[in-house]
Every structure is written in structure tokens, then in C-alpha cells.
Amino acid sequence: MPSVTRSWDRLSDHKPLIGFVDACLRGPAQVVLQNNPLTGLLVLVAIAWGAFENGQPRILGGAVLGLVVGTATAVALRVDEPSLRKGLFGFSPLLTGIAVPTFLDDRPLMWLYLVLGAIATTVVTLALNAIFKTWGLTAFTMPFVLTTWVLLLAAYQFDRFTVLTNLKPMFPGEGQLSDGRFNWDLVPTFLRGVSQIYLINSWVTGLIILVALLVNSRWSALFAVIGTVGATVLALWFGADATSLDKGLFGFNAVLTAIAVGAVLHRPGALVTLYTLFGIALTLFVQMALTSMLTPLAIPVLTAPFNIATWLLLLPKRHFAPVANHERAKETVVSTVKHTV
Amino acid sequence: MPSVTRSWDRLSDHKPLIGFVDACLRGPAQVVLQNNPLTGLLVLVAIAWGAFENGQPRILGGAVLGLVVGTATAVALRVDEPSLRKGLFGFSPLLTGIAVPTFLDDRPLMWLYLVLGAIATTVVTLALNAIFKTWGLTAFTMPFVLTTWVLLLAAYQFDRFTVLTNLKPMFPGEGQLSDGRFNWDLVPTFLRGVSQIYLINSWVTGLIILVALLVNSRWSALFAVIGTVGATVLALWFGADATSLDKGLFGFNAVLTAIAVGAVLHRPGALVTLYTLFGIALTLFVQMALTSMLTPLAIPVLTAPFNIATWLLLLPKRHFAPVANHERAKETVVSTVKHTV
Amino acid sequence: MPSVTRSWDRLSDHKPLIGFVDACLRGPAQVVLQNNPLTGLLVLVAIAWGAFENGQPRILGGAVLGLVVGTATAVALRVDEPSLRKGLFGFSPLLTGIAVPTFLDDRPLMWLYLVLGAIATTVVTLALNAIFKTWGLTAFTMPFVLTTWVLLLAAYQFDRFTVLTNLKPMFPGEGQLSDGRFNWDLVPTFLRGVSQIYLINSWVTGLIILVALLVNSRWSALFAVIGTVGATVLALWFGADATSLDKGLFGFNAVLTAIAVGAVLHRPGALVTLYTLFGIALTLFVQMALTSMLTPLAIPVLTAPFNIATWLLLLPKRHFAPVANHERAKETVVSTVKHTV
Chain A
1 MPSVTRSWDR LSDHKPLIGF VDACLRGPAQ VVLQNNPLTG LLVLVAIAWG
51 AFENGQPRIL GGAVLGLVVG TATAVALRVD EPSLRKGLFG FSPLLTGIAV
101 PTFLDDRPLM WLYLVLGAIA TTVVTLALNA IFKTWGLTAF TMPFVLTTWV
151 LLLAAYQFDR FTVLTNLKPM FPGEGQLSDG RFNWDLVPTF LRGVSQIYLI
201 NSWVTGLIIL VALLVNSRWS ALFAVIGTVG ATVLALWFGA DATSLDKGLF
251 GFNAVLTAIA VGAVLHRPGA LVTLYTLFGI ALTLFVQMAL TSMLTPLAIP
301 VLTAPFNIAT WLLLLPKRHF APVANHERAK ETVVSTVKHT V
Chain B
1 MPSVTRSWDR LSDHKPLIGF VDACLRGPAQ VVLQNNPLTG LLVLVAIAWG
51 AFENGQPRIL GGAVLGLVVG TATAVALRVD EPSLRKGLFG FSPLLTGIAV
101 PTFLDDRPLM WLYLVLGAIA TTVVTLALNA IFKTWGLTAF TMPFVLTTWV
151 LLLAAYQFDR FTVLTNLKPM FPGEGQLSDG RFNWDLVPTF LRGVSQIYLI
201 NSWVTGLIIL VALLVNSRWS ALFAVIGTVG ATVLALWFGA DATSLDKGLF
251 GFNAVLTAIA VGAVLHRPGA LVTLYTLFGI ALTLFVQMAL TSMLTPLAIP
301 VLTAPFNIAT WLLLLPKRHF APVANHERAK ETVVSTVKHT V
Chain C
1 MPSVTRSWDR LSDHKPLIGF VDACLRGPAQ VVLQNNPLTG LLVLVAIAWG
51 AFENGQPRIL GGAVLGLVVG TATAVALRVD EPSLRKGLFG FSPLLTGIAV
101 PTFLDDRPLM WLYLVLGAIA TTVVTLALNA IFKTWGLTAF TMPFVLTTWV
151 LLLAAYQFDR FTVLTNLKPM FPGEGQLSDG RFNWDLVPTF LRGVSQIYLI
201 NSWVTGLIIL VALLVNSRWS ALFAVIGTVG ATVLALWFGA DATSLDKGLF
251 GFNAVLTAIA VGAVLHRPGA LVTLYTLFGI ALTLFVQMAL TSMLTPLAIP
301 VLTAPFNIAT WLLLLPKRHF APVANHERAK ETVVSTVKHT V
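Residue numbers (my numbering), protein chains in the order written: chain A, 1 to 341; chain B, 1 to 341; chain C, 1 to 341.
Incorrect hints may appear among the rest.
Remember, identical chains collapse to one label, so a pair may be satisfied in a single copy or spanning two.
[Unchecked claim] DSBU-like mimics (lysine-lysine), calculated; alpha carbons at most 30 angstroms apart, straight line: (1) Lys133 to Lys317; (2) Lys317 to Lys168; (3) Lys317 to Lys15; (4) Lys133 to Lys168.
For the record, the hints were derived by calculation from the structure and aren't laboratory data.
Because the structure is a prediction, the values reported are computed rather than measured.
Please construct the entire structure, taking both the sequences and the accompanying hints into account.
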């Protein structure tokens with residue numbers, strides 16, 4: 001395996017087209033903060049499974065189209081080569097490419113909208129990174145979130161689109177919350193909490209993503225599990241809506257926070273784990289608050305809670321544990337945080 | 001003509017009062033990113049035409065009052081002389097001065113509100129410029145937007161004011177969109193798209209503003225036309241509300257983005273034009289999204305979409321074309337972007 | 001008195017526990033920008049009075065718990081010692097500790113929510129200070145505002161909590177405004193305007209807070225009075241809702257702006273006073289606008305208007321009067337603004 005990896009790395013260094021494919025493959029992995037083309041490939045498999053399981057193969061098409069258009073836009077805008085090669089310009093457009101066919105009805109114009117959205121996601125990535133660099137941060141998946149919110153909110157004003165979010169605009173507190181219970185049915189819920197990172201409702205997809213994480217970093221896989229279990233159990237305890245909970249909707253943001261804060265951007269340890277557990281609760285509360293805020297607009301929170309909570313947790317720069325540079329995944333993401341764009 | 005211009009410049013350098021008048025005249029021109037007192041004078045004529053055509057002469061009064069109070073506040077706060085002289089503290093208060101009598105009913109207290117609003121606009125200009133300087137940007141017309149939003153939203157809470165925006169608070173997606181068609185009636189619509197920069201619905205006003213642009217910069221006039229045509233046609237294609245479209249409401253933000261990105265802040269060229277065309281679409285989508293967001297609050301988007309889209313397009317700092325400094329309009333705006341406040 | 005103060009200062013320098021108590025006591029004083037443990041003690045007395053007068057002793061419990069947990073979190077996160085000792089990590093969690101039992105119904109889980117909220121407030125304080133340092137500002141009470149908004153909005157999504165804000169979600173402009181009058185009943189209203197800084201509706205509490213201010217800084221006490229009188233009278237003149245006005249709800253934000261801009265962060269003087277009077281009007285308008293914005297979400301504005309208005313007034317950095325460093329209160333707050341975290 002390592003020798004295969006090494007030959008691939010050498011190939012992608014020398015052949016521009018292979019290099020582009022390599023950058024594209026790393027995109028799906030960078031959503032979960034991993035820099036590994038194999039992880040990315042497995043994530044694509046997981047997305048494909050979920051898309052076909054839910055009878056929406058066009059979601060796989062949207063994912064690949066978004067990924068390729070977003071990465072190609074980065075090439076056209078001549079972004080810095082190392083960031084491009086790490087897949088850092090593919091992960092947000094990939095998510096935009098999944099979100100558009102998920103939330104808008106299928107028609108030719110939707111695909112043009114998706115392409116424009118993927119281009120915009122890359123421009124917004126460059127713009128937000130320029131701002132966040134001021135505080136040693138990156139934009140994470142916020143470019144995807146902002147672009148998708150704009151596309152969905154704008155779609156309300158265009159007669160040619162129909163928004164399919166299943167949300168009805170209303171005042172917060174008006175909806176009914178259904179009751180949930182502690183039982184073994186929570187296990188697939190935990191896995192769906194992982195799959196929802198990619199807007200997919202499938203425990204198999206969640207399982208494949210955990211394997212994809214394991215391939216690159218055991219700590220990341222462990223903290224992903226801690227994130228989805230922690231947030232889902234906390235949401236159940238506090239009486240959150242059981243229908244949403246069952247779909248894994250209270251897990252995915254916490255998974256991302258747990259990977260980022262617990263495994264990738266700090267060296268794992270006791271204090272860091274404590275901070276991460278607090279971070280999981282913070283992510284859930286921010287998600288619930290954002291859900292209320294967006295209720296009158298009837299748009300989903302996407303991964304905004306992860307971004308907001310993780311920025312808040314990183315900004316204080318408490319150096320519980322200096323990050324060691326010996327692990328490739330860590331090194332690249334951290335150097336990115338420092339030098340991106 | 002050049003000799004007249006030169007004598008005026010010399011006069012305004014030496015006589016403080018003429019200097020103040022010169023700064024005030026450049027204000028209306030700086031809304032469309034031009035630094036030329038003649039352009040500003042023509043814009044004032046365009047505003048006057050629109051105000052009288054629509055039977056609301058008090059809008060001209062508000063414009064002049066806002067312009068003078070805002071510029072005088074800048075003098076009192078001892079802002080940096082060169083920025084003041086370029087009209088950079090007049091353009092946002094001018095717009096606030098137009099917006100207040102447009103959106104609030106006529107009564108003496110409204111004029112006090114307008115004066116306080118114009119003072120606030122200058123303070124907010126200084127505040128936002130201090131923030132945006134961090135990333136080599138300026139606040140553009142955002143101080144006008146924020147101040148006017150505050151004045152309108154606050155007016156809901158004051159029994160002494162009546163808000164006249166013609167908007168009813170509702171959830172997004174609840175309103176009816178009317179159908180539009182491609183025909184020759186679009187030509188006056190394109191011109192109204194230009195006049196709406198100054199919140200005026202009149203194709204004659206739009207035409208005078210184009211002339212005012214031509215006086216200072218042919219590229220700016222050209223990109224203004226590209227902006228209003230591009231955004232209006234795109235909005236029509238995607239099925240945006242025909243009533244708003246007819247008033248030119250989908251053109252004005254794109255006009256400003258097109259002038260800023262295509263003509264003033266980059267050297268015009270093929271790649272820049274391509275980027276600008278994308279920027280026009282981005283501006284329209286941001287405008288539509290913001291329209292949905294503000295629907296429950298029933299306030300207009302004003303020029304916020306231009307500001308947001310242009311910041312997003314400038315932040316990546318893609319140097320398609322280095323800006324040449326030989327043209328006065330460009331030089332001043334660019335030096336402003338770098339050194340303001 | 002001075003000798004008692006000096007012995008206390010010496011004690012708290014040498015005994016860690018006394019030092020912690022001293023830091024906790026300065027927290028309540030820092031809400032009103034004073035650095036004095038006696039002022040803080042008097043404020044706690046004022047809060048206690050209000051809590052018992054309104055039959056809600058748990059509000060005093062929440063205040064003390066928030067203060068202690070927030071300050072202890074700062075110790076655990078090893079923040080910089082001088083800021084900690086000045087009470088700069090106690091004032092926002094104190095307010096969160098008051099807000100949670102004020103706006104949520106009483107049950108054991110509420111206290112866990114309060115503790116998590118107090119921890120979050122300290123993390124958010126560190127995060128926002130890291131951002132605002134870029135422009136020479138601090139986060140003031142915004143960490144309290146953001147955390148409390150998140151806790152209240154999230155509570156809508158949790159079956160285990162009931163939000164008791166007395167606000168009904170609706171569109172802005174839908175509510176009825178009741179009429180007010182100029183008469184002697186305004187005097188207790190002015191005092192309630194001071195007490196509402198700590199979310200308490202009691203003129204006695206307001207009076208004790210004024211005494212607490214006097215103990216440390218006569219200028220601060222004077223500008224507090226100017227703030228509450230100015231904003232309340234302006235609100236009455238413009239026809240704001242008389243029921244809210246009577247509770248002092250239009251005074252408290254202006255009190256904070258007046259103390260910050262008029263007395264603490266600039267050297268008091270004629271120009272500064274003029275700027276402060278404008279700042280009081282600005283604070284009121286921002287508050288009214290924010291009230292409209294938050295109407296659909298049915299959450300209170302808290303002290304957000306003070307934060308926003310004061311940032312806008314400080315950012316232009318107009319040096320009307322250089323701040324002299326001879327007064328302890330001023331020196332510490334200003335050095336904080338420059339060096340925090």
C-alpha cells in the first residue's frame with residue numbers, strides 16, 4: 001500500500017492531469033479535514049451509495065460536477081499551488097454541488113445554477129480566507145454554507161426554481177417537537193449523524209465515511225464517533241425534535257467540530273478532550289439557535305454551526321498542547337491555517 | 001473645457017468655501033466611483049429631474065441637505081483632507097438624504113431624523129473604513145445602507161413616523177411573482193436600472209447619469225450599460241418579478257459592481273470583463289437572497305448587494321491586470337482603497 | 001477608607017483565594033466600566049435588592065454562579081493575569097447568569113444550562129477580544145449578548161425549556177405602541193433605566209448603582225444620568241412605546257454608551273460631551289432598529305445596542321481629547337483596550 005501511495009504521489013507531481021485528479025480526490029477528504037486521496041475516493045463511494053439508496057443519482061452528478069468546476073475555477077484564478085494540491089479548493093464546491101440538486105427541483109437551469117454556484121464557492125473561499133487569515137484561521141466550509149444559502153434564498157425570487165427543503169417558513173417556537181427515547185435504534189442514528197456531513201441520510205454512508213477516516217487517522221475516526229454520539233445524546237436529553245434527531249441532523253456539525261478541535265488542530269490529550277466535549281455541546285447549542293434564527297426563512301443550517309463553534313474555540317489560542325508536525329494530515333492542515341492563500 | 005476645469009481646481013485649492021463646494025460636488029459622482037465635480041453636478045441635475053418628475057421635490061432637498069451635513073460633519077471631525085476633497089465623505093450621506101424622504105412620510109421631525117442620519121452616515125463611514133482598511137478595501141456605500149436600515153427599522157418603533165416602503169412584512173416565498181417578457185420596453189427599463197442607484201425611477205434620470213459617467217470615463221459608462229443590461233436580462237430569464245424588474249430594481253446594484261470591478265478598480269481587459277460578467281450574476285443572486293432575507297422586515301436591499309459582491313470579488317486579489325495610474329479617476333479611487341482614513 | 005483599600009489590594013496580591021474574590025468583585029463593576037471591588041460589591045447589593053423586590057431570589061443565585069464559573073473558567077484557561085485581576089472575565093458571565101434564570105423557567109436543567117452558558121461566555125470573550133484587538137477595541141458585553149441569544153434561541157428547540165421573555169414572535173410594526181407623557185413619574189423611570197443594565201426593573205437598584213459609580217468616578221455617575229435622561233426623553237419625544245419606556249428599557253444602553261464614550265474612554269470635555277450626546281441618540285436608534293430586527297425571533301436586544309454604537313463611535317479614533325492616565329479607572333480600561341489577551 002505505501003508503495004502504491006508513493007507512486008501515485010510521484011505521478012501526480014509530474015503529470016498535470018493526474019495532479020488535477022489528485023487535487024479533486026483530496027477535496028471530499030478535506031471536508032472532514034483529511035489530506036488523503038484514498039480517503040477522498042472512499043468518501044465519493046459513500047456519497048454514491050447514499051445517492052443511489054435514496055433514489056437521487058443526480059446528487060452524485062452534482063457532487064462530482066461541483067468538485068471539478070470548483071477546483072478548475074481555482075486553477076483558472078491561479079491560486080497558490082500547494083493549497084490547490086491539498087484539495088483545499090475542492091471541498092466546499094463539492095458540498096455546494098450536493099446541496100443544489102438536493103434542495104432544488106430537477107431541471108436544466110438547475111445545472112447552470114449549480115455551475116455558477118461552484119464558481120462562486122471558490123471565489124468566496126478565496127475572499128473569506130483573506131479575511132480569516134488575519135486571525136490565523138481559515139474559512140473551513142463556510143464558503144459552501146454562504147453560497148448555498150444565497151442560492152436557496154435567491155431561488156425564492158425566481159419563478160423558474162422550486163425550493164424543496166421540506167421546511168415551511170414560520171416563527172420560531174411554532175413547530176411541534178416530537179418525543180425521542182434512548183434505545184438501540186440510536187446506533188444507526190449515530191452513523192447517519194456522520195453521513196449528514198455530506199447532506200446524506202444513510203447509516204451505510206456514515207459507516208463508509210468512518211472507514212475513510214480510519215484510513216488516514218485513527219484519532220479523527222475516534223473523535224468523529226465521540227462527536228456524533230455526544231451531540232445526539234445531549235440533544236435527546238434536552239428534548240430536541242425526535243424526527244430530526246433520527247435523521248442524524250444533530251450529529252454532523254458536532255462530528256466536524258470534534259475532528260477539528262479534538263484530533264486535527266490540537267494534539268489529542270486529556271485537556272484537549274475536555275475542551276472538545278465542551279465544544280460538542282457548544283456546537284449543538286449554536287446549531288439549535290441557528291435553527292430558530294433560520295425558521296422564518298425556511299433554510300437549513302448546513303455546517304454553519306461547526307464553523308462558528310470551531311472559530312470560537314480556536315480564536316482564544318489556548319495552547320493546551322502544541323501540535324506536533326510528524327503526522328502528515330496534521331501538518332498540512334495546520335500549515336494551511338497559517339499560510340493559506 | 002480643460003482650462004475651465006483647471007481654473008476651478010486652482011480656485012478650490014485656495015478658497016476654503018469653494019473647496020467645500022468642490023468636495024460636495026464630487027460626492028454625487030463618487031457614488032458611481034468617479035472623482036469629478038462636473039460629473040457630480042450632472043448627477044445632481046439627474047436627481048432633480050427625477051424628484052420633480054415623480055412629484056417629490058423634497059427628495060432633491062433631502063439629497064442636498066444630506067450631502068452638505070455629511071460633508072460638514074467630516075470637516076468637524078477633522079478627517080484627512082485629501083479624502084474629504086475627493087468627495088469621499090459626501091456620497092453616502094447624499095444617499096441617506098435621498099432615502100429618508102423617500103421612505104418616511106413628510107413632517108418636520110423627518111428632517112431632524114435626516115440630519116442625525118447624515119451625521120451618523122459620516123461616523124459609520126469612518127468606522128467601517130477603519131475595519132475594511134485591514135484588507136485593503138473601503139466601505140463603499142455600506143455606511144448609507146446600514147444607517148438607512150437602522151433609520152427605517154427604528155421608525156417602526158416610533159409613533160411619530162410612518163414607513164412608506166410599499167413592502168409588507170411576510171415570509172419569503174409568500175409573495176406573487178408577475179411574469180415578464182423580452183421586448184423593446186426593456187430599453188427604458190435598462191435606463192431605470194441606472195437611475196435606481198439614486199433610488200429614482202426615471203429613464204431620463206438614468207440617461208443623464210450615463211452622460212455624467214461619459215464626461216469622466218468612457219469605460220465606466222460602458223460597464224454601467226453592461227451591468228444594467230446583463231443583470232436585467234438574467235433576472236428576466238430566471239423568472240424574477242416583472243413589476244420590480246420594470247422599475248429597474250434588478251439593474252442598479254449590478255451597474256455599480258460592473259463599474260467598480262470592470263472599469264475602475266482593475267484595468268479593463270478580456271479576463272477582467274469575464275470576471276465582471278460573473279460578478280454581475282453574483283450581484284443579482286446576492287440581491288435576490290437579500291430580498292428574501294429582508295422580506296420579514298419589509299425593508300429594501302438598497303445597495304448592499306453591490307457592496308457584498310464587490311468585496312467578495314476584490315478580496316481574492318487576483319491581479320488579472322495591474323491598474324495603471326495614468327487616469328485620474330482610477331488613481332484616486334485606488335489610492336483611497338489603500339490609504340483611506 | 002484609602003488605607004482599607006490599600007490593605008485589601010495588598011492582601012489580594014498575596015493570597016490567591018483573596019485575589020480570586022477580588023477579581024470576582026470587580027466583575028460586576030466592569031459591566032459599567034469601573035475597576036473597583038467596592039463598586040462591584042455595591043452592584044451585587046443592588047442586584048440582590050432587585051432580585052428580592054421582584055420575588056426572584058434565584059436571579060441573585062444565577063448572578064453569583066455565573067460570575068464565579070466565568071472567572072474560574074478564565075483561570076482554568078490560563079488567561080493573562082492582569083486582565084483577570086481587573087474583573088475583565090467576570091462581567092459578561094455575571095450578566096449571562098442573570099439572564100438565564102430571568103428568561104427561562106426554573107428547573108434543575110436550567111442551572112446546568114447556566115453553567116455551560118457561563119463557560120461559553122468566557123470562551124466567547126477570549127474569541128471576540130482576539131478579533132476586536134485588530135482595531136484596538138474590546139468585546140465589551142457582546143460575549144454576554146451573543147451567548148444569551150444562543151441560549152434563548154436554542155431553548156425554543158428543546159422541549160425541556162420554556163422561554164419566558166414576554167415577547168411574542170411577530171412581524172415588526174404589528175405591535176401596538178402605547179402613548180407616554182412628560183411628568184414627574186419620569187424620575188423613577190430614569191433610575192430604572194440604570195437598573196436595566198443588569199436586567200432588573202427597580203428604581204432602588206438604579207439608585208444603588210449610581211452610588212456604586214460615584215464611589216469610583218464622579219464623571220461616570222454624571223454621564224450615567226445624562227445617558228438615561230437623554231435617551232428616555234428622546235424616546236418619549238419620538239413616540240416610543242410607553243410601557244417599555246416606563247420600565248427603563250430605553251435608558252440602559254445609552255447609560256453604558258455615555259459612560260464609555262463620555263467619561264471613561266475619552267477625557268471628559270466639551271467636544272466629547274457633544275459627541276456623547278450624539279452617541280446617546282445613535283444608541284437609541286440602533287436599539288429601536290435591533291428591536292424591530294429581533295421581533296420575529298422574540299428575543300430581547302440586551303446590551304447589543306451599546307456595543308454596536310460604542311464600537312462605531314470609537315472606531316473613527318477622533319482624538320478630541322487624549323485620555324490622561326492619572327486616573328486609575330481610565331488607565332486600566334484603556335490599557336485593556338490596547339493589550340487585552
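Violating hint indices (sorted, rising): 2 and 4
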